[in-house]
Amino acid sequence: MIYQNTEIENTQNKFSDAIRELQIGKLLRSSNITKNCGIPAFEVFQFLLLLVFQG
Numbered sequence: 041m042i043y044q045n046t047e048i049e050n051t052q053n054k055f056s057d058a059i060r061e062l063q064i065g066k067l068l069r070s071s072n073i074t075k076n077c078g079i080p081a082f083e084v085f086q087f088l089l090l091l092v093f094q095g
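Using this note's numbering, you'd call the opening residue of the sequence shown number 41 and step up by one each time.
Incorrect hints may have been included.
Unchecked claim - Cβ-Cβ distance ranges computed for the label pairs, FRET-style:
1. Gln94 to Arg60: 16 to 22 Å
2. Asn53 to Ile79: 16 to 22 Å
3. Asp57 to Cys77: 25 to 31 Å
It should be emphasised that the hints constitute simulated quantities derived from the structure, not laboratory data.
Keep in mind it's a predicted model, so treat the numbers as computed, not measured.
Where is the CB? At the ideal position from N, CA and C, for every residue including glycine.
Turn these sequences into a full structure, and let the hints steer you where they fit.
Below is the structure:
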């Protein structure tokens, strides 16, 4: 069965690719942006960035 990606999934995929290509995770680590426990800082940053562009 073929599934069509929704617009939200396409936006998430494009941002994930861009974040990987720009090496945002490496920039966060080199800037000492960390968390003690729970969800990694990278995932929080990625989520907040997606919220901005998805409304």
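Status of each hint after checking the structure:
no.	hint	result
1	Gln94 to Arg60: 16 to 22 Å	holds, 19 Å
2	Asn53 to Ile79: 16 to 22 Å	holds, 20 Å
3	Asp57 to Cys77: 25 to 31 Å	holds, 29 Å
In this structure, none of the earlier numbered hints is contradicted; all agree with it.
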